[in-house]
Amino acid sequence: MSEETERHDERAPSEPSLVRLPRRIDALARLFEFSEAFCHADGVDPGTRSRTDFVLEEIFTNFVKYNAAGTGDIEVALRTCDGLVEICVTDFDSERFDLREHAEVAVDAPLSERTPGGLGIHLVKKFAKRIDYDYQNRMSRITIYLELG
Amino acid sequence: MFQIATGANGEILLSGRLDASQIDSARSVLLALTESRVVDFSKLEYIASAGLGVLLAAQKKLSEKGCALKLVNLNNHIRDVLHFSGFDQVFEIE
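Heads up: the sequence lines are chains R and E, in that order. Residues 1 to 149 in the working numbering are what the first sequence spells out, letter by letter. Residues 1 to 94 in the working numbering are what the second sequence spells out, letter by letter.
For reference, chain R alone in the conformation it holds in the complex:
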């Protein structure tokens, strides 16, 4: 373990950074600005920052595309804790969607049989150290933990 990683592990959990964004794909630019500011302030390494952006985009766009009829903004919260980045995305008006139950993608299939569907969720699951899910009263909250590099 590097000295830098040890320093991350010894730090107290950061205060969560929080933003609410409209349910639109063009809100991605604001989402990445928010992520960049958080990663800069918390000293997140570049590799973990890329994975944080990837996870944020996939979960956010999933809510936008598959729950377009939902009302209200989508809330995103980020913090570091115990050597991890905690990514929490909440849709307050959604059907249940637990990505842990998502079907596996055949990433070894021949080209002719490949489809892009499900790749984003597949990759989120690959990158995640842990995934939690909470659903109650139409509130759908996905929390993903990434290891700091």
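These aren't lab readings, by the way, just hints derived from the structure by calculation. For clarity, every value in this text was computed on a predicted model and none was experimentally measured. Hints are not guaranteed to be accurate.
[To be verified] Computed list of chain R residues with no C-beta within reach of chain E, every gap over 12 Å:
(1) Pro-16
(2) Ser-17
(3) Gly-72
(4) Arg-79
(5) Thr-90
(6) Asp-93
(7) Ser-94
(8) Val-107
(9) Asp-108
(10) Gly-118
(11) Leu-119
(12) His-122
(13) Tyr-145
[To be verified] Below 20 Å or equal to it, Euclidean Cα-Cα: the simulated SDA-like pairs (lysine to any residue) are:
(14) Lys-43(E) with Gln-3(E)
(15) Lys-60(E) with His-102(R)
(16) Lys-65(E) with Pro-110(R)
(17) Lys-60(E) with Leu-84(R)
(18) Lys-65(R) with His-102(R)
(19) Lys-125(R) with Ala-20(E)
(20) Lys-70(E) with Cys-81(R)
(21) Lys-126(R) with Thr-143(R)
(22) Lys-129(R) with Arg-141(R)
(23) Lys-70(E) with Ser-21(E)
(24) Lys-126(R) with Thr-115(R)
(25) Lys-126(R) with His-83(E)
(26) Lys-60(E) with Asp-108(R)
(27) Lys-70(E) with Asp-88(E)
(28) Lys-61(E) with Leu-111(R)
(29) Lys-126(R) with Ile-4(E)
(30) Lys-65(R) with Ile-23(E)
(31) Lys-70(E) with Lys-126(R)
(32) Lys-125(R) with Glu-104(R)
(33) Lys-61(E) with Lys-43(E)
(34) Lys-60(E) with Lys-43(E)
(35) Lys-129(R) with Glu-86(R)
(36) Lys-61(E) with Glu-92(E)
(37) Lys-61(E) with Lys-129(R)
(38) Lys-65(E) with Leu-111(R)
(39) Lys-126(R) with Tyr-46(E)
(40) Lys-125(R) with Asp-93(R)
C-beta: ideal position from N, C-alpha, C; glycine also.
Got chain R sorted already, so can you dock chain E onto it with the hints?
Leaving out everything else, chain E in the frame of chain R:
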């Protein structure tokens, strides 16, 4: 900001961040290709699954003509994304 251009030797040059909001320009160029090309990722910082979908669609279309995309100069994050997607089995990656 994402940009796609054609280099002096016909290679496709990607730069910036290819997220879901930037996918139309990538789609319009890559799906119009009719022959094998090198795609240079050296200035591409980030790719999301929407970008993977366009690459996959272009590769499938080209393969019907016996052609293919070759992906070069990927950063570590993009290399991981493509590896975990199994793209290293259906693309030549350098």
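Verification of the hints:
With a least beta-carbon separation of about 23 Å from chain E, Pro-16(R) lies farther than 12 Å from that chain, consistent with its non-interface assignment. At roughly 20 Å, the least C-beta separation between Ser-17(R) and chain E is larger than 12 Å, which holds for a residue marked as non-interface. The claim that Gly-72(R) is not at the interface with chain E holds, since no C-beta of that chain comes within 12 Å of its own (minimum 21 Å). Every Cβ of chain E is farther than 12 Å from the Cβ of Arg-79(R); the closest lies at roughly 22 Å, confirming the non-interface assignment.
With a closest Cβ-Cβ approach of about 20 Å to chain E, Thr-90(R) is found to remain outside the 12 Å limit, as its non-interface label requires. Listed as a non-interface residue, Asp-93(R) keeps its Cβ farther than 12 Å from every Cβ of chain E; the least gap is roughly 21 Å. No Cβ of chain E comes within 12 Å of the Cβ of Ser-94(R); the nearest lies about 19 Å off, and the non-interface call holds. Distance to chain E contradicts Val-107(R) as a non-interface residue, since its nearest Cβ pair spans about 3 Å, not more than 12 Å.
Listed as a non-interface residue, Asp-108(R) fails to keep its Cβ farther than 12 Å from every Cβ of chain E; the least gap is roughly 6 Å. Not every beta carbon of chain E lies more than 12 Å from that of Gly-118(R), the smallest distance being close to 9 Å; the non-interface claim is violated. The non-interface label for Leu-119(R) is inconsistent with chain E: the shortest C-beta to C-beta separation is roughly 5 Å, within 12 Å. For His-122(R), the non-interface assignment is contradicted: its Cβ lies about 7 Å from the closest Cβ of chain E, within the 12 Å cut-off.
Its beta-carbon lying about 17 Å from the closest one in chain E, Tyr-145(R) satisfies the requirement of being farther than 12 Å from that chain. With a CA separation close to 10 Å, the supplied pair Lys-43(E) and Gln-3(E) stays within the 20 Å bound. Of the supplied pair hints, the one linking Lys-60(E) and His-102(R) is violated, its CA atoms being roughly 25 Å apart against a limit of 20 Å. For the proposed pair Lys-65(E) and Pro-110(R), the alpha carbon gap of about 16 Å is at most 20 Å, so the pair holds.
Under the criterion of a C-alpha separation no larger than 20 Å, the hint pairing Lys-60(E) with Leu-84(R) is inconsistent with the structure, at around 38 Å. With a C-alpha separation of about 16 Å, the suggested pair Lys-65(R) and His-102(R) falls inside the 20 Å cut-off, and the hint holds. Simply put, Lys-125(R) and Ala-20(E) have alpha-carbon atoms about 19 Å apart, close enough for the 20 Å limit, and the pair holds. A distance of roughly 40 Å separates the Cα atoms of Lys-70(E) and Cys-81(R); the hinted pair therefore is violated under the 20 Å criterion.
Of the supplied pair hints, the one linking Lys-126(R) and Thr-143(R) holds, its CA atoms being roughly 14 Å apart against a limit of 20 Å. Annotation: proposed proximity of Lys-129(R) to Arg-141(R) holds, straight-line Cα distance about 17 Å (limit 20 Å). Proposed proximity of Lys-70(E) and Ser-21(E) is contradicted: the alpha carbons are some 24 Å apart, above 20 Å. With a C-alpha separation of about 18 Å, the suggested pairing of Lys-126(R) with Thr-115(R) holds against the 20 Å cut-off.
At most 20 Å may separate the alpha-carbon atoms for a hinted pair to count; Lys-126(R) and His-83(E) meet this at roughly 11 Å. Our distance criterion of 20 Å between C-alpha atoms is met by Lys-60(E) and Asp-108(R), whose separation comes to about 15 Å. This hinted pair checks out: Lys-70(E) and Asp-88(E) have alpha carbons roughly 10 Å apart, not beyond 20 Å. For a cut-off of 20 Å, the pair hint linking Lys-61(E) to Leu-111(R) stands: about 10 Å separates their Cα positions.
For the suggested pair Lys-126(R) and Ile-4(E), the alpha carbons sit about 28 Å apart, so the restraint of at most 20 Å is broken. Distance check on the hinted pair: Lys-65(R) and Ile-23(E) sit about 15 Å apart at the alpha-carbon level, within 20 Å; holds. Distance restraint check for Lys-70(E) and Lys-126(R): the Cα-Cα separation of roughly 25 Å exceeds the 20 Å cut-off, and the hinted pair is therefore not satisfied. For the given pair, Lys-125(R) sits about 10 Å from Glu-104(R) by alpha-carbon distance, which is consistent with the 20 Å threshold.
For the suggested pair Lys-61(E) and Lys-43(E), the alpha carbons sit about 25 Å apart, so the restraint of at most 20 Å is broken. This hinted pair does not check out: Lys-60(E) and Lys-43(E) have alpha carbons roughly 24 Å apart, beyond 20 Å. Only pairs whose Cα atoms come within 20 Å are accepted, and Lys-129(R) paired with Glu-86(R) is accepted, the gap being roughly 10 Å. Taking the CA atoms of Lys-61(E) and Glu-92(E), the gap is near 16 Å; set against the 20 Å cutoff, the hint holds.
A distance of roughly 36 Å separates the Cα atoms of Lys-61(E) and Lys-129(R); the hinted pair therefore is violated under the 20 Å criterion. For a cut-off of 20 Å, the pair hint linking Lys-65(E) to Leu-111(R) stands: about 14 Å separates their Cα positions. Distance check on the hinted pair: Lys-126(R) and Tyr-46(E) sit about 17 Å apart at the alpha-carbon level, within 20 Å; holds. Distance hint between Lys-125(R) and Asp-93(R) is unfulfilled; the C-alpha atoms sit about 24 Å from each other, more than 20 Å.
When each numbered hint is compared with the structure, violations occur for hints 8, 9, 10, 11, 12, 15, 17, 20, 23, 29, 31, 33, 34, 37 and 40.
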